[in-house]
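Enquirer: Listed below are the residues making up each chain.
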Amino acid sequence: MKIARMLAVLAVAIPLGAQTPGLPVSYERLLKADQEPGNWLMYSNTYNGWRFSRLNQINTENVKNLRVKWLFQGRHEQKFETTPLVVNGIMYLTRPENDVFAVDAETGRVLWAYSYKNPERTYNCCGRVNRGLAILGNTLFMNTLDMHVVAIDAKSGREIWKTKMGQYDESGGYAATGAPLVVKDKVIVGMAGGEHPISGFLDAYDAATGKRLWRFHTIPQPGEPNFGTWAGDSWKTGGVSTWNTGSYDPESNTLFWGTSNPWPDYNKDFRAGDNLYSCSVLALDPDTGKLKWYFQFTPSDTHDWDATQIPILLDAPYRDANRHLVAWAARNGFFYLLDRDNGGFYFAKSFVRQTWAKGFDDKGRPEVIPGNDPTPEGIDTVFPGVDGGANWMAHSYSPLTKLLYIFARDERRRFSKNSVRHAPGDEGPPTEAGAATAAASTSSARPDAAGGGRGGAPPAPGNGVFGAGGNLPGTNMGGNPRQRFAPEESWGKVVAMDPLAGVPKWEYKVVTPPWGGLMATAGNVVFGGTLEGMVFALDARTGERLWYFSGNDRVYAAPISYLVNGKQYISLAVGDVIITFGL
Amino acid sequence: MPYAAAQQHTAGAADGAALFQTYCAYCHGSHGEGGRGADLTTGEYQHGSSDNDLFSTIRYGVRGTEMPATGVNDDEAWKLVAFVKSIGSQGAKEVAPGDAGAGKQVYARSGCASCHSIDKQGGAIGPDLSDVGRRRNLKYIEESIVKPDADIPVQYRAIQVVTKSGQTINGIRLNEDDISIQVRDLDDNLRSFLKADIREIRHDKPSLMPSYTSLSRKDLDDLVSYLHSLRGAQ
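Those protein sequences? They're chains A and B, same order as listed. To convert a position in the first sequence, counted from 1, into this note's numbering, add 5. To convert a position in the second sequence, counted from 1, into this note's numbering, add 3.
Simulated from the structure, these hints should not be mistaken for lab results. Check each hint, because a few of them may be wrong.
Restraint ranges, calculated between C-beta atoms of paired labels, are given here [claimed, not checked]:
#: 1; chain 1: A; residue 1: P375; chain 2: B; residue 2: G46; range: 37 to 47 Å
#: 2; chain 1: B; residue 1: R205; chain 2: A; residue 2: D385; range: 19 to 29 Å
#: 3; chain 1: A; residue 1: D385; chain 2: B; residue 2: E97; range: 41 to 51 Å
#: 4; chain 1: B; residue 1: G169; chain 2: A; residue 2: K354; range: 48 to 58 Å
Far from chain B by the CB rule (all over 12 Å, computed), these chain A residues [stated by the list, open to error]:
#: 5; residue: P29
#: 6; residue: G142
#: 7; residue: A236
#: 8; residue: G369
#: 9; residue: T380
#: 10; residue: G497
#: 11; residue: G571
#: 12; residue: L588
Just so it is clear, CB atoms sit at the ideal spot from N, CA and C, and this is done for glycine as well.
Given the sequences, and given the hints that come with them, work out the whole structure.
Expert: This is the structure:
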């Protein structure tokens, strides 16, 4: 009954045929995005990172009647990782390699298309992907693979401005793949490249002009606090990118953003120290880019367990006080609860099998179990695997159930220590001849990492059903000891976590460690999709599967929900198709 | 200019050796002598011998085979090309211990073809052996005959599907998601089951293949020789 009462408060009564607010989208509307459940105005729907829809037309009673309404045929071989935006019945989505489409959200018919020309070779680790857009006023914002931020007119698809973030092919390679986040009049954008000897940062740009307003270096520069956490010159090329999207707390005017692994990923011989601010959450002033506090989940990481998850901001009574909290299901396999005001540590508890930490001190520093570091010959007894217990895919928090839904990866993988030496220039850009050869032989015909995650192998030939890769039989993933283990050994699961206790209320197991995100709704349904392409609806209270659809291609994206003419829809990218469901 | 690119990295063959231990030795052996992966010391490469071919194989893997994308960057891949070419020019083919012709008879009378195929002749419940001599070294082939559980590609692991009606189906898994599982049964039938109709999926024994320890030493040597002689389309 308690949930029923909350439902009445949180869900929004929408008359059929009602219009949702349209352009322009002001910052004030972004602040109150939860008051516009018919629109999807930013990557996580709201600034708190919840990816929760207040719509409840589709609910536990009728979700079994969900039907496909339309498809957007992406016609692209790269992974679709996009979270579309929806404003008053118009969907704005990115296709891999930075194409943008405006689509009628009721029919899927294209209204305009914007095409961005990337170089033939880019330096993305895991596919020429893009995760989505941000919007302010009448303008859409997107990061590009060649390290630009572009502003596009939402009505016409015309480019308004384009600003270079950095030289994409410098120092082994930069890219930008995440969805920007608009805060006030600024566009906050991260970058990728932690697999290379780069130096990470987070930028803010003037939404009107594209002028860069501040840059926060994720590796402390000489003279800054924590500069000495990298041995020798390793700080110059230490990686630490910011490749996913952050969250924002308007009340304290604080931006929260996760950072990637240090470089070299699997070898700390030449970067002794904690390697701040790698594998951390940063709390920043969005006006200035100044650091308020940080919390590092994995000091001196050697497993690529970066901390680029979406920050989940909660306010809740905890330990005899109303507290501002950050909930974080980290790639290192532990669920953390932190104090949002100062980065203080409350607890960390594993949500997948893990072998590397026996506990934490009172500041949250892990007590590391020896013998888990990568070795030159490889070690395959470490949990979680290289793709972590969680990764970039979106979690979702429901204020109805007060549960955080985590799509977790419960697996081990093989870790091998990099043999690279760490000296600037030692891992510099490939020779011109080498780069040219690689581009010529691969750019058009060889999507990199078509399978799951870094180093994933392409699917078996002529086998679209197996497009997911993953640990399915019939792909060459399964036979490779560097890749995933058998389904009996590695799997995925939706974990319904009580964030204040760190204890799962229920779990829903899936065959393959996932790459898709989740969305909870006021209909008490949790939507998501598996690597085999099964789109599912779970009862948010129990984990019971209420509905499914066999999409039969990889899901690398998270669902959204919105209204068109007063009717609720659910959209999710499955393979290169965006599928929209409705009653 | 792939050759030039590899030449530039020839000096990096030593680095390539270290990378090889990290990324390749698990399958190809610590000296490239082969194992689960092909013997690389012979200088024969099924998927192309040019620098560009080797680079592509190493960097991106080979679709439809067990050879994965290695996960190295371009520069490392070129170093690996240099190293692989250096050991390829040094190596010699393994000398099989038996009589391949006699081994072909052992293969026929032992019923291997009921599960395995060679040149499109035979069953599909076990791996195709048409080019097994190129992909596996002698030690691995012998081990697969006498200890088949030792190392099984995941797509050939035995499973038992037990239906709610009490029927048990033995076979190999062709595909699986959270709704259903697809199986090739021991009679080579393609079967699909909804998980709602399944009581359990068991993995009682890793391999469907029996251990052929009853073969005489000579028969075993002959059979290994025969299989090692299978190189696929040249």
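Enquirer: When you take the CB atoms of R205/B and D385/A, is the distance between them in 19 to 29 Å?
Expert: Taking Cβ atoms as reference, R205/B and D385/A lie about 24 Å apart, which means the hint holds.
Enquirer: Is the hinted range of 37 to 47 Å satisfied by the C-beta distance from P375/A to G46/B?
Expert: holds (42 Å)
Enquirer: Find the nearest Cβ of chain B to the Cβ of G571/A and say whether that gap is larger than 12 Å.
Expert: With a cut-off of 12 Å, G571/A remains clear of chain B, as the shortest Cβ separation is near 32 Å.
Enquirer: Between D385/A and E97/B, is the Cβ distance one that fits in 41 to 51 Å?
Expert: violated (27 Å)
Enquirer: Would the least Cβ to Cβ distance between G497/A and chain B come out above 12 Å?
Expert: G497/A not clear of chain B: closest Cβ-Cβ about 9 Å, inside 12 Å.
Enquirer: Please check whether the beta-carbon of G142/A is more than 12 Å away from every beta-carbon in chain B.
Expert: holds (41 Å)
Enquirer: Would the non-interface assignment of P29/A survive a Cβ cutoff of 12 Å against chain B?
Expert: Label holds. Min Cβ-Cβ 43 Å, cutoff 12 Å.
Enquirer: May I ask you to check that A236/A keeps its beta-carbon over 12 Å from the closest beta-carbon of chain B?
Expert: With a cut-off of 12 Å, A236/A remains clear of chain B, as the shortest Cβ separation is near 21 Å.
Enquirer: According to the definition I'm using, a residue is off the interface if its beta carbon is farther than 12 Å from all beta carbons of the partner; does T380/A meet that for chain B?
Expert: Label violated. Min Cβ-Cβ 9 Å, cutoff 12 Å.
Enquirer: Hey, does G369/A actually stay past 12 Å from chain B on C-beta?
Expert: holds (31 Å)
Enquirer: Take a look at whether the Cβ-Cβ distance between G169/B and K354/A falls inside 48 to 58 Å.
Expert: Violated: the Cβ-Cβ distance is about 41 Å, outside 48 to 58 Å.
Enquirer: Can we trust that L588/A is non-interface, i.e. its beta-carbon lies farther than 12 Å from all of chain B?
Expert: holds (22 Å)
The structure fails hints 3, 4, 9 and 10 (numbered hints given earlier, in ascending order).
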